[in-house]
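Protein chains in written order, with the numbering used here: chain A, 2 to 289; chain B, 809 to 1113.
What you were told as hints is all true, and nothing was included just to trick you.
Short, incomplete list of chain B residues facing chain A, as computed with Cβ under 10 Å: (1) Arg937; (2) Ala948; (3) Leu956; (4) Ile957; (5) Gly1069.
Calculated from the structure, these hints are not laboratory results. Treat the numbers as computed from the prediction; the structure is a model and nothing was measured. Built from N, CA and C at the ideal position, the CB exists for glycine as well.
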Amino acid sequence: MSEPIAIHAPLTSRVGVAGFTVGIVIVGIIAVAAIIGNQLVPHDPFTQDLGNRLKPPFWMEGTQAGHLLGTDQLGRDYLARLVYGARISLLIGIMTVITSGLIGITLGVLGGFFGGRIDDAVLFAITTRLSIPVVLVALAVVGLMGSGLGLVVATLGLLLWDRFAVVARATTMQIRSLDYVNAARCAGASTSHLLVREILPNIASHLAVVATLEMALAILLEAALSFLGLGVPPPLPSWGLMIAEGKDYMFFSAWVIMIPGVALFVLVLGINLVGDGLRNLLGSERSR
Amino acid sequence: MLLLIARRLGLGLLVALTVMTLAFMLTRLSGDLAISIAGPSATQADVEIIRKAYGLDRPLYVQFFSWVGRAMVGDFGQSYFFKDSVSNLIAKRLPITLTLGLVGLSLALIISIPLGILAAVRENTWLDRGVTMFTMVGQAIPSFWLALILMIVLGLNLGILPISGTGTWQHFVMPGIVLAFTAIPALTRLTRSGMIEAMASDYIRTARAKGLSRARIIFKHALRNAAIPVVSIAAVQLGFMLGGSIVIETVFALHGVGYLGWESIAKNDFPVVQAVVLVLAAIYIGLTLLSDILNALLDPRLRTG
Chain A
2 MSEPIAIHAP LTSRVGVAGF TVGIVIVGII AVAAIIGNQL VPHDPFTQDL GNRLKPPFWM
62 EGTQAGHLLG TDQLGRDYLA RLVYGARISL LIGIMTVITS GLIGITLGVL GGFFGGRIDD
122 AVLFAITTRL SIPVVLVALA VVGLMGSGLG LVVATLGLLL WDRFAVVARA TTMQIRSLDY
182 VNAARCAGAS TSHLLVREIL PNIASHLAVV ATLEMALAIL LEAALSFLGL GVPPPLPSWG
242 LMIAEGKDYM FFSAWVIMIP GVALFVLVLG INLVGDGLRN LLGSERSR
Chain B
809 MLLLIARRLG LGLLVALTVM TLAFMLTRLS GDLAISIAGP SATQADVEII RKAYGLDRPL
869 YVQFFSWVGR AMVGDFGQSY FFKDSVSNLI AKRLPITLTL GLVGLSLALI ISIPLGILAA
929 VRENTWLDRG VTMFTMVGQA IPSFWLALIL MIVLGLNLGI LPISGTGTWQ HFVMPGIVLA
989 FTAIPALTRL TRSGMIEAMA SDYIRTARAK GLSRARIIFK HALRNAAIPV VSIAAVQLGF
1049 MLGGSIVIET VFALHGVGYL GWESIAKNDF PVVQAVVLVL AAIYIGLTLL SDILNALLDP
1109 RLRTG
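Build out the structure end to end from the sequences listed, making use of the hints.
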């Protein structure tokens, strides 16, 4: 932070705020669509109509009135499925972050606060976790135990806590001997009070940044697992599964993979923009 | 220095042993392996025969120690589906995954290092913001989706590359591009922040004061110091890329270790699953060890660690 020249700094913060706003708007729209979208779309995401298979979306020729984004290979309304898929992606992202956050933050704060043997054990756990190939193990768990939404969340939650632990540990170490923590300790505060009331609130902003990154990662991983057929089971319209089902038709009608793919891309980009904006806000706070 | 290597090596072995235990437990998650191998149409007698034949009737700890003992000397047992020894299978597939990993890493470095330097020397301009935006976009593109788009554009529309399979060097181009894309955002950001830090340091100010040319300062002085974290992360990144190549190998039907892992998961071929997890973990552990040693060689301050 010893950068002496700050002539152009306003540009970064201006663009940063713009990116943050765009991110919030994207995530907000998708969240609203996920919650109330299926009430607004006149079709059911599961009803098949084999007479109306693979009808293209509204901007292409041969489109079917009423099916705004066309229909899939079983004649199911693509918009209804897309909107339902948003629910799955967001649900998996949020649940995974809660699970992995609980594990990672607990480990990181304990290691960073107590140091010594406990910290050695936490570091060892992090090192071990990093050496485990995430996609392969997640695939294996789902493949061996049977697919399902809950299992995907549990698996990803148990695998994606490493960054939470690393950041929680580092930030806890930075503040554990600051004056206000020492003051609370001298005032007779218990260890649990120190951890929960003094340490956690002061590292929360850093953890929020990690949470956005992990949420984006979890959503991408779920899509990849479902794409490989070992994630969310059909007929649930996960975006990854929609891309997998469209794969056989993509050379003739590329839109079947473009629509869910773009949705996935936009959602992840939106979450990353929010995270990047949060990080910039933190950065400017620190330099002040 | 020797002490550092010895300690890191010991830690690596301990991690490997833990991963072995986890990999073993992982394949036992499904409950009764004999039933899953036998398939849905098998009778009780069939299941019993399979249980005996594969040694699944022994107590768990006996199975575990016999597996660990034999894995130490490179014997991972027999594949149920491929009718070949697991070590043979992996030895045949590993060169493909390693080639893919190296192609991907080289491509990633060729793109991300210049981009990172460019963003750093033009810090806080629109160019810098553009590079940051590019990394954000890159991070948000699902790799398997990018793979399909490349198949449509390069394979079908332009017809310049084979769509899938293994065989010629052309088969590695599209998977290499996709794999590179997964590493470019992180490597670009790292180069950028390393360069920014280096450009703000005292020795760069001295170099400027001496009146050295801008190009000389950037490439001779700043880059050399910014390269240290990039080189060491590149090794670690390669480990992540090999682990992540399973999705890409499967999409392109590239017969590497990742594809083998996917096939064996789909076929309930648990000796192969265990071995692939272990091999990928071992490669990662080896690469981080290498990067630690490399770091210590490049930066003497780290040697006491």
